[in-house]
Amino acid sequence: MQSTNHHPFTKGLLSWYRQHARALPWRQTQDPYAIWLSEVVLQQTRVAQGLPYYLKLLEVFPTVESLAQAEESVLFRHWQGLGYYSRARNLHKTAKLVVSDYHGKFPATYNDLIQLPGVGPYTAAAIASFAFGEAKPVVDGNVFRILARYFGIETDILHSSARKEFTDVAMELIPQDQPAEFNQAIMDFGSLQCSPAPLCASCPLSLTCFAFQQKRIQDFPVKQKKAKQKNRYFNYFILEQGGQVLVRERKERDIWSGLWEFYLVESAQEEELESLVEMDDNLSTMFSNATVQFLKSPKLHILSHQKIYCRAWHVQVPDNLDISNLAGFQWIQPEDFEKLGKSVLLLNLITDNLHLKIFNDSMPR
DNA sequence: AAGGCGGGGCG
DNA sequence: CGCCCAGCCTT
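Residue 11 is where the first sequence starts when you use our numbering, and the numbers rise one by one after that.
Since the hints were derived computationally from the structure, they do not count as laboratory data. Incorrect hints may appear among the rest.
With a straight-line cut-off of 20 angstroms between C-alpha atoms, the simulated PhoX-like cross-links for lysine-lysine are [unchecked claim]: (1) 367 / 349; (2) 174 / 106; (3) 115 / 103; (4) 306 / 233; (5) 306 / 317.
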C-alpha cells in the first residue's frame with residue numbers, strides 16, 4: 011500500500027488504473043529505445059493508429075544501432091501513412107546521434123533527453139519516467155483536459171503560459187516513488203474515462219471533480235477557438251433618389267449588428283459589377299435606368315476573425331422609379347443617416363467620398 | 001507568439 | 001464538417 015499522503019486525485023487515479031490499465035506492448039519493456047520509439051510514433055497519433063506501426067518498426071529496427079544504420083528511405087517507407095513525417099527524419103537523426111555521441115545508450119535524464127531531435131517536453135518526461143523512473147509528469151492533451159476539469163483551471167490551454175501552469179500542477183500530484191504508474195494512469199484515464207466526451211457517470215473521481223460538481227464539464231478545458239480568418243466580399247451600393255439614401259440597420263447574427271449601412275450585396279468571391287447586379291433582384295430593377303459611378307473605398311477591412319474586401323458604387327436612381335417598399339430598408343435624409351451608428355469601414359467609405367453631394371452637404375468634418 | 005505539419009475517428 | 005489525437009519544430 012502506498013502512503014496516504016498522496017493527493018486525493020492521485021489516490022483515485024492510481025486506484026482506477028489498477029483495474030483499467032490497458033495492456034500495451036511498450037509497457038512490457040524498460041528499454042529506452044523501444045519506449046522512445048513508441049512515444050514518437052504516438053505523438054499526435056491515436057494508439058489504435060500507431061500500434062501496428064510501432065510493432066513493425068520494432069521488428070525491422072530492433073535496436074537503435076539498426077535504426078541508425080538504416081537508409082532513411084527505408085525508414086520513410088515504413089512510416090508512410092502515419093503522417094507528420096518530420097518525426098521520421100528526427101527519429102533517424104536521434105538514432106544516429108545516440109549511437110555516435112552516447113555509445114548507443116540513451117541519455118537517462120529528462121534534461122538530456124529533451125536535447126534530442128524530435129524529443130520535446132512530453133516525450134522527454136515519458137522516457138525519463140517510464141525507462142528511468144524520473145519523477146517528471148507527462149503533459150499532453152489528456153493531462154490538459156483532465157486537470158482543467160478536475161481542478162477547474164480556466165487558463166486557455168493554447169496560451170503559451172499553459173504548459174508551465176499545468177506542469178506545475180502535475181508536479182504536485184505525481185508520486186515520487188511511482189512516477190511511471192502515475193503517467194501511464196493519467197493517459198489511460200484520459201483515453202478511457204475522462205475522454206473528450208467523458209464518462210462521468212462511472213467516474214470514481216466525479217465526487218471531487220470541479221467541472222462535474224459545477225455541472226460545467228462542457229466549459230473545460232478552456233481552449234480559444236481558432237479564429238479562422240474568413241474572407242468576405244462586401245459590395246456597397248449607395249443608392250440615391252431625390253436627395254435621400256437607402257439604408258438599413260444590421261440585425262442578423264453577424265458583425266456590426268445594430269449598426270446602419272447602405273445597400274449591401276455580399277458575395278462569396280470578388281465579382282464584377284454586372285454579376286452582382288444580375289445576382290441581386292433589387293439591383294436588377296433599379297439599374298434599369300440608373301447612373302452608376304464606381305467609388306473609391308477602403309479595399310480591405312481587417313477584423314480579428316475576418317478579412318473584408320470592400321468595393322462600393324454610387325447609384326443615382328431616377329425619380330420616376332418607385333422602389334419604396336424594400337423590406338428592411340428605408341430612404342433617409344443624409345443628415346439623419348449621419349446621426350446613426352456605423353462601422354468604421356462605412357465611416358472610411360464615407361470619408362473617402364465626401365465629394366458626393368449627399369455627403370458634403372450633410373456630413374460634418 | 002504563431003503557423004505548419006497528416007491521417008483518421010468521432011459526434 | 002469541426003474537433004481531437006501519447007507534440008514538436010520553425011519563424
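Quick rundown of the hints versus the structure:
With a C-alpha separation of about 18 angstroms, the suggested pair residue 367 and residue 349 falls inside the 20 angstroms cut-off, and the hint holds. Taking the CA atoms of residue 174 and residue 106, the gap is near 31 angstroms; set against the 20 angstroms cutoff, the hint is violated. A distance of roughly 15 angstroms separates the Cα atoms of residue 115 and residue 103; the hinted pair therefore holds under the 20 angstroms criterion. Restraint check for residue 306 and residue 233: not satisfied, since their Cα atoms lie roughly 41 angstroms apart, outside the 20 angstroms limit.
In summary, the hint linking residue 306 to residue 317 is supported, as the alpha carbons are separated by about 18 angstroms, within the 20 angstroms threshold.
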